[in-house]
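S.K.: The sequence shown maps to residues 1 to 232 in my numbering.
Just so you know, the hints here were simulated from the structure itself, not pulled from any lab data.
Predicted model only: the values in this text are computed from it and were never measured.
Incorrect hints may appear among the rest.
Stated by the list, open to error - With a straight-line Cα cutoff of 25 Å, these simulated DSS-like cross-link-like pairs (lysine-lysine) come out: (1) 187 x 206; (2) 86 x 193; (3) 80 x 115; (4) 206 x 15; (5) 189 x 200; (6) 41 x 111; (7) 193 x 206.
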Amino acid sequence: MIDAGLLYDARLAHKTGDYHLARDLYQRIAYDYNDFSEWEKEAFTKEVANFAGDDPMYRELLLLVISQIQQAQEPILQSKLTNIIKQQYGERGAELLRYVLYYADYRDELKRIKKGRSYLLLLPTMKVEDFVVKTPKALKKAKVKAIETPEETERNAETERNEEIERKEALARLKRLRARDAENLKKFKEDQKVENLIRKKELEEKELEEKEQHIACGIMLLFLIIFLVMIR
1 MIDAGLLYDA
11 RLAHKTGDYH
21 LARDLYQRIA
31 YDYNDFSEWE
41 KEAFTKEVAN
51 FAGDDPMYRE
61 LLLLVISQIQ
71 QAQEPILQSK
81 LTNIIKQQYG
91 ERGAELLRYV
101 LYYADYRDEL
111 KRIKKGRSYL
121 LLLPTMKVED
131 FVVKTPKALK
141 KAKVKAIETP
151 EETERNAETE
161 RNEEIERKEA
171 LARLKRLRAR
181 DAENLKKFKE
191 DQKVENLIRK
201 KELEEKELEE
211 KEQHIACGIM
221 LLFLIIFLVM
231 IR
């Protein structure tokens with residue numbers, strides 16, 4: 001069964017724009033995914049997929065993945081990307097990447113095909129069969145490297161430089177987003193603390209007011225009893 005309290009907090013964090021906290025809360029809920037009913041699994045997956053569409057971290061990592069596939073001009077293994085992301089986020093980076101790739105596949109923004117102990121990642125327009133060359137084992141063709149003109153060499157070098165710049169810019173944006181998410185989480189916790197103090201004060205004031213009303217009613221009742229005794 002889904003933890004209703006955590007789910008409420010995740011939705012509230014999403015609504016208030018605290019994507020870092022919402023992402024962490026959804027992840028904590030997902031730890032018990034195998035205990036969900038089939039209806040809960042479907043509803044939860046759909047909800048997190050909708051959240052991913054708003055999550056800046058998801059969009060930035062997805063763009064980085066797409067950039068890597070475009071640069072390779074062919075499908076790439078998830079394990080290769082994991083090593084790149086870990087350089088920026090450590091082990092947490094691998095977890096973030098799994099989150100992005102799972103929901104990118106669900107949202108049809110990427111294709112993810114099981115290959116050995118990893119996954120093969122493709123752009124939606126790619127077909128895996130287009131990249132599989134069936135060659136008889138007995139026949140091995142020698143690789144012939146095409147001769148490039150100076151103009152082609154310069155164009156290719158320029159393309160590689162631009163792609164490298166885009167990759168570095170994407171990684172820089174990821175760092176900024178991570179810092180911003182951490183700041184948002186801190187602010188959210190501080191706001192929650194202040195809000196809890198205000199609620200506590202309001203509750204205490206309400207209890208004091210009720211107590212004073214009870215005392216006043218008691219005094220009035222006492223005076224009424226004394227008055228009734230005196231008129232007899």
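S.K.: Next, verify each hint and record whether it holds.
M.R.: A quick look at each hint next to the structure:
As the CA atoms of residue 187 and residue 206 are separated by approximately 28 Å, the hinted pair breaks the 25 Å bound. Of the supplied pair hints, the one linking residue 86 and residue 193 is violated, its CA atoms being roughly 33 Å apart against a limit of 25 Å. Between residue 80 and residue 115 the alpha-carbon distance is near 13 Å, which keeps this suggested pair within the 25 Å criterion. With a CA separation close to 30 Å, the supplied pair residue 206 and residue 15 exceeds the 25 Å bound.
With a CA separation close to 16 Å, the supplied pair residue 189 and residue 200 stays within the 25 Å bound. Restraint check: the Cα-Cα separation between residue 41 and residue 111 comes to about 21 Å, which is no more than 25 Å; the hinted pair holds. Using a Cα cut-off of 25 Å, the hinted pair residue 193 and residue 206 holds, with the two alpha carbons roughly 20 Å apart.
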